[in-house]
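Enquirer: The primary structure of each chain is shown beneath.
There are 2 protein chains.
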Amino acid sequence: MNNVTELVSGRGEWLKTRETDDGIVISSRIRLARNLCGFPFLNRCSESERSEIQSLVMTALNGSELAKDYFYVELENLGPLEKELLVERHLISRQHANTEGPRGVALLADETVSIMVNEEDHLRMQVLGGGFQLDKIWQRLNCLDDQLENRLEFAYHEQFGYLTACPTNVGTGIRVSVMMHLPALKITGEIERVFRAARDMRLAVRGLYGEGTEATGDFYQISNQCTLGKTEEEIVEDFRSTVVPRISDYELRARELLRREKPALVEDKVWRAIGMLKYARTINTQETLTLLSYIRLGLNMGLINDVDIETINDLFLSSQPAHLQIISAKRMDSDLRSKLRAEFIRRRLCDHQNN
Amino acid sequence: MNNVTELVSGRGEWLKTRETDDGIVISSRIRLARNLCGFPFLNRCSESERSEIQSLVMTALNGSELAKDYFYVELENLGPLEKELLVERHLISRQHANTEGPRGVALLADETVSIMVNEEDHLRMQVLGGGFQLDKIWQRLNCLDDQLENRLEFAYHEQFGYLTACPTNVGTGIRVSVMMHLPALKITGEIERVFRAARDMRLAVRGLYGEGTEATGDFYQISNQCTLGKTEEEIVEDFRSTVVPRISDYELRARELLRREKPALVEDKVWRAIGMLKYARTINTQETLTLLSYIRLGLNMGLINDVDIETINDLFLSSQPAHLQIISAKRMDSDLRSKLRAEFIRRRLCDHQNN
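Line by line, the protein sequences give chains A and B.
For the first sequence, position 82 matches number 82 in the working numbering, and the numbering has no gaps at all.
For the second sequence, position 316 matches number 316 in the working numbering, and the numbering has no gaps at all.
Excised from the complex, chain A in its bound form (with noise of 0.2 Å):
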């Protein structure tokens, strides 16, 4: 089994900027949900039926093309600060961290693909990847459910299609999901009105690290809310082509509008942020997200260009909690933390400044 914390080494691949890039979608994410047949919902599960659903994952990984890529990963196994470096990196949810049981996450190395066994529903598949590649993604995913279907047999209704955990899953149990940064449209103030409009469009917006979470960094998780009625083509291509550029074309116009109307409001809030990181010598996990945030905007504005988007892009990762205690090799308190954290970022960008 492959040693969780040696991920922190890796660039994340939900950050990882691509070069046709606007920096506005930070990454896509698709899943899909299934259940086996012959066992309740998890539920309802009892404890050794979750050992056995996860053995016969485990095993039809293993007699799968996909066995030497992948490494499974029992979360009883895991500390605390392993399964949360597991969070940060979006490859399991935070429920799947913090319920008990026998359960698991399939990785493949890379990243791009994560496999919870016994989160929400028995098997929750996800590709990942940075920037706007939804076509590519499905593809990929849409092969491994095939790869996964001739070994395992999945809970499926000729008239509702596959049975879920949560009835809003039911049908495809597909969720596109895209993470998009919009930071613009927070400081113009017309964030809600997005909002607003995207729930009409029946989709879910939700913080950083989805339902319930907070906003922090000004990133958005724009995901749909409907998985019947439509096949998965028509789900991904709606955003494709419609969902996604239409809210980036929003941001895009708050930035125009802010180059145009407050030009000195924006350059001031990036610079302070650079300042502030440079120069802090205690600082939490949100305040870093929200400076980092207007780092990233001013550097896609092209108002600054003495940082690099990819120190950027690693720190909003590697500042995190657990990143940071797993780098430091030490558990720490969060006044610690942020101690630490401080010094950590101003390292950072003073080894990687140009001027």
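The reader is advised that the hints may include incorrect statements.
In silico contact screen, one side only, chain A against chain B (beta carbon under 10 Å); selected entries [what the hints assert, rightly or not]:
| no. | residue |
| --- | --- |
| 1 | ARG253 |
| 2 | ILE274 |
| 3 | GLY275 |
| 4 | LYS278 |
| 5 | TYR279 |
| 6 | ALA342 |
These are calculated hints, taken from the structure and not from any lab test.
For every residue, glycine included, the Cβ atom is placed at its ideal position computed from N, Cα and C.
Given the coordinates of chain A, work out where chain B should sit on it, guided by the hints.
Expert: Here is chain B on its own, set in the frame of chain A:
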């Protein structure tokens, strides 16, 4: 007549640091209120009486041995920026700048003495000095008072002493005030307790520009409220030996407390202040003074040595609205001033930094 705007290039007596300073007492000031016999108090003076008073004082000054060192400024001849400059340098009160009618101020070029004519009283003579030096200041002021009294007849009552427009000044007409920098008491939240104690000692606590102004930059003016029943020397001695040492001691203890129990908090505030001032692209006076105050605290506590105290003291003065406009030789609205202020400070801090 000297040009008022030339004062801008001077260091400003009230912020001049002496070698013996602990950084808590910024400056010492004593003033005497006097009125001429044969004229009503100013609120009842006609315009021509005001002119006459002004002429009498100018003649007295010119006839005295003070003549060669002083220059007299008629405020009616000054533009609003020049008047504001005198306020920012603590050479006249805001009230004196803002009222109408014949009035002026006699100044010593080194800014240690100013004699306001037709402010609240016919004469308000003040001697000002950087640091804690009340004895020396009182000797000079007493001497000045004698010289003027040789040439002018002051309203004096056998029983009450010197008569003044406001009864709170009757008697000695003296106000001793010491400008103190009390950032640690502010951070620890003890400042209110100190102020209550000060009020019990019949002291007034005011902000940076005296009566009715805010305590910007953690600068507080402590002054006597009582001008009757004690001699001038007793009042001065009370400040010298009791009031100021006691408040200084509170501040020093607060600094020790911070150093011992919250070193990270202070260090963080100080470094962030440097970061903000070095990076902000727009900044108002209020925020500037707050940040400069933290840097001053950091220097006095020995937490930093990146900046020299002279630069910081100078910025307290030169970043203010009128100074900024006179230095850059143009009138600006507040938005433009905030941009220019940020640029000005950035340049100064980068010029003077050691590393």
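Enquirer: Indicate, hint by hint, whether the structure satisfies it.
Expert: Hints versus structure:
1. For the restraint placing ARG253 of chain A at the interface with chain B, the shortest Cβ-Cβ distance is roughly 23 Å, beyond the 10 Å limit, so the hint is violated.
2. The beta carbon of ILE274 of chain A comes within 6 Å of a beta carbon in chain B, closer than 10 Å, and the hint placing it at the interface holds.
3. Because the closest C-beta pair between GLY275 of chain A and chain B is about 3 Å apart, less than 10 Å, the hint holds.
4. With its C-beta approaching chain B no nearer than about 6 Å, LYS278 of chain A sits inside the 10 Å limit, and its interface hint holds.
5. Given the 10 Å rule on beta carbons, the hint for TYR279 of chain A holds: about 3 Å separates it from the nearest Cβ of chain B.
6. Given the 10 Å rule on beta carbons, the hint for ALA342 of chain A holds: about 8 Å separates it from the nearest Cβ of chain B.
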